[in-house]
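Asks: Assemble the complex: chain P is given as a structure, and chain C must be docked to it using the hints.
Residue numbers (my numbering), protein chains in the order written: chain P, 16 to 168; chain C, 1027 to 1257.
It is possible that part of the hints are untrue.
Only pairs whose alpha carbons sit at most 25 Å apart, straight line, appear in this in silico DMTMM-like list of lysine to aspartate or glutamate [unchecked claim]:
id : chain 1 : residue 1 : chain 2 : residue 2
1  : C       : K1243     : P       : E48
2  : C       : K1153     : P       : E150
3  : C       : K1074     : P       : E48
4  : C       : K1255     : P       : E51
5  : C       : K1243     : P       : E51
6  : C       : K1237     : C       : E1253
7  : C       : K1252     : P       : E56
8  : C       : K1243     : P       : E54
9  : C       : K1152     : P       : E48
10 : C       : K1245     : P       : E51
11 : C       : K1077     : P       : E48
12 : C       : K1153     : P       : D99
For each label pair, taking beta carbons as the anchor points, the in silico distance ranges come out as [unchecked claim]:
id : chain 1 : residue 1 : chain 2 : residue 2 : range
13 : C       : S1195     : P       : S141      : 15 to 21 Å
14 : P       : L142      : C       : K1252     : 26 to 32 Å
15 : P       : L142      : C       : Q1059     : 45 to 51 Å
16 : C       : K1249     : P       : L124      : 37 to 43 Å
17 : P       : W131      : C       : E1051     : 27 to 33 Å
18 : C       : E1244     : P       : D154      : 30 to 36 Å
19 : P       : Y115      : C       : K1191     : 31 to 37 Å
20 : C       : N1050     : P       : G105      : 51 to 57 Å
21 : C       : S1195     : P       : L142      : 22 to 28 Å
22 : P       : G140      : C       : R1188     : 58 to 64 Å
23 : P       : P36       : C       : N1135     : 17 to 23 Å
Beyond 12 Å from chain C on every Cβ pair, some chain P residues (computed) [stated by the list, open to error]:
id : residue
24 : S31
25 : D34
26 : A44
27 : E56
28 : V59
29 : K61
30 : N67
31 : C68
32 : L70
33 : F92
34 : E95
35 : E102
36 : L153
37 : I158
38 : K160
39 : P165
Please keep in mind that the hints were generated in silico from the structure rather than gathered at the bench.
Here a beta-carbon is modelled for each residue, glycine too, at the ideal position from N, C-alpha and C.
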Amino acid sequence: MINVAFGLPYDFSDVSSVDIPLTLLKPLATNQEIFEGQEIELKVKKNIYCHNCLLIKKGTIAKARIETIITKGMNGFPAEIIIDNFEIDGIKKEQLMSTYTKTGRSYALLVYPIKWALTPIPFVGSLTNLIHGGEVKLDTDDIIKIKYFPHWN
Amino acid sequence: MKIKIFFILFGMLFLPVFANEIENELSKNNSIQTRINNVGLDILNHNKIPKRVVFAYNETDKKRMLDIYNELTKRQVVVYGDLYSAVEDDNELAAMLAREIMLVIKSYNGIWGGRIDALQIAASPKKFEIAADKRAVDFMINAGYNPLALITYINKTCPQKRNDKIARSNLTSKRLARIYEYITYKYPQVLENNEYLNNKYYQNFLLTSIKNRAMLKEKINTKSTKELKYE
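Just chain P, with the same shape it has in the complex (with noise of 0.2 Å):
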């Protein structure tokens, strides 16, 4: 629906919304084999109510993608994962704010201090690159949220 006022294709006014937390159907993860692209599914974990009426019945299912990977990297960079493109029966996308994404545990804290302690001496600082930060898993039980305007267009 356009927004008559300005012509706009959305509408942000409206700041009331519902969160609702999914779980994942299969755990995840950043080391095991998965894509981009890739189509997930979740299911809602309970009873989603709008304006005292029920809009979504718990164990749900809904849809999302795995929109990018990011591998972990040398001096405790993490892994990340970004989920997108929800998809819930009775819910338009544009109602939705879903940007789901987690990290992996990062080692920078621990590894730029020791990198720069050990600098002075040759080329032991770079022994730090070694370093690699941590995986993203997601479980079943972990939450999912993301947020649903109702008033959005």
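Replies: The following block gives chain C in isolation, referenced to the frame of chain P:
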């Protein structure tokens, strides 16, 4: 007396010319800034990015190699005149902005107001270069721009180094191949209805990426999920 009259006449004749030039210059800069803001806000709003990002046009300075200071600390995307001059249409402008927006968003995340994440981007620009390219494709699609413009834009603005083994940035041919692969898997419809087949820069990319695209074709045929080592 004669000198005074000379200066008055000189001023009357030439000052309006200078004033006109300054006015033209300001009006030109204003229209460029407006265009950048329009495209930038299209990307932010269509992607529902709830973080503040501002855009600035800088005609005189040149972007230094891997200069991401403005993006990571001021959360500002600076469009430099030399790079803007390579932009042909709004799709390419969106490509340029979408990459930088990704870096700005990343600088908001994590502990200490995003300082650690920003530090990591600054320390590992090579890794984030590819991530920014990929997210730029998503942002462009969501905002209704053609992501193939990212390929044409990078193809004409980023030089090709000899190798990237110990460099802080990736080989441009590798970046282009990764973007092409990302679009192939996630947004095949863009390549099916390819609006860039008549674009000289895109055709040049196709010409210079034959080997990489052959590797990708093999990967698709064998349904492999391994990461390709592009050249």
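Asks: Are the hints correct? Go through all of them and say.
Replies: Status of the hints after comparison with the structure:
no.: 1; hint: K1243(C) <-> E48(P); in the structure: holds, 20 Å
no.: 2; hint: K1153(C) <-> E150(P); in the structure: holds, 15 Å
no.: 3; hint: K1074(C) <-> E48(P); in the structure: violated, 29 Å
no.: 4; hint: K1255(C) <-> E51(P); in the structure: holds, 17 Å
no.: 5; hint: K1243(C) <-> E51(P); in the structure: holds, 17 Å
no.: 6; hint: K1237(C) <-> E1253(C); in the structure: holds, 15 Å
no.: 7; hint: K1252(C) <-> E56(P); in the structure: holds, 23 Å
no.: 8; hint: K1243(C) <-> E54(P); in the structure: holds, 22 Å
no.: 9; hint: K1152(C) <-> E48(P); in the structure: holds, 23 Å
no.: 10; hint: K1245(C) <-> E51(P); in the structure: holds, 15 Å
no.: 11; hint: K1077(C) <-> E48(P); in the structure: violated, 32 Å
no.: 12; hint: K1153(C) <-> D99(P); in the structure: holds, 21 Å
no.: 13; hint: S1195(C) <-> S141(P): 15 to 21 Å; in the structure: holds, 19 Å
no.: 14; hint: L142(P) <-> K1252(C): 26 to 32 Å; in the structure: holds, 29 Å
no.: 15; hint: L142(P) <-> Q1059(C): 45 to 51 Å; in the structure: holds, 47 Å
no.: 16; hint: K1249(C) <-> L124(P): 37 to 43 Å; in the structure: holds, 40 Å
no.: 17; hint: W131(P) <-> E1051(C): 27 to 33 Å; in the structure: violated, 46 Å
no.: 18; hint: E1244(C) <-> D154(P): 30 to 36 Å; in the structure: holds, 35 Å
no.: 19; hint: Y115(P) <-> K1191(C): 31 to 37 Å; in the structure: holds, 35 Å
no.: 20; hint: N1050(C) <-> G105(P): 51 to 57 Å; in the structure: holds, 55 Å
no.: 21; hint: S1195(C) <-> L142(P): 22 to 28 Å; in the structure: holds, 24 Å
no.: 22; hint: G140(P) <-> R1188(C): 58 to 64 Å; in the structure: violated, 27 Å
no.: 23; hint: P36(P) <-> N1135(C): 17 to 23 Å; in the structure: holds, 21 Å
no.: 24; hint: S31; in the structure: holds, 15 Å
no.: 25; hint: D34; in the structure: holds, 15 Å
no.: 26; hint: A44; in the structure: holds, 14 Å
no.: 27; hint: E56; in the structure: holds, 18 Å
no.: 28; hint: V59; in the structure: holds, 21 Å
no.: 29; hint: K61; in the structure: holds, 24 Å
no.: 30; hint: N67; in the structure: holds, 26 Å
no.: 31; hint: C68; in the structure: holds, 25 Å
no.: 32; hint: L70; in the structure: holds, 20 Å
no.: 33; hint: F92; in the structure: violated, 5 Å
no.: 34; hint: E95; in the structure: violated, 8 Å
no.: 35; hint: E102; in the structure: holds, 14 Å
no.: 36; hint: L153; in the structure: holds, 17 Å
no.: 37; hint: I158; in the structure: holds, 18 Å
no.: 38; hint: K160; in the structure: holds, 14 Å
no.: 39; hint: P165; in the structure: holds, 15 Å
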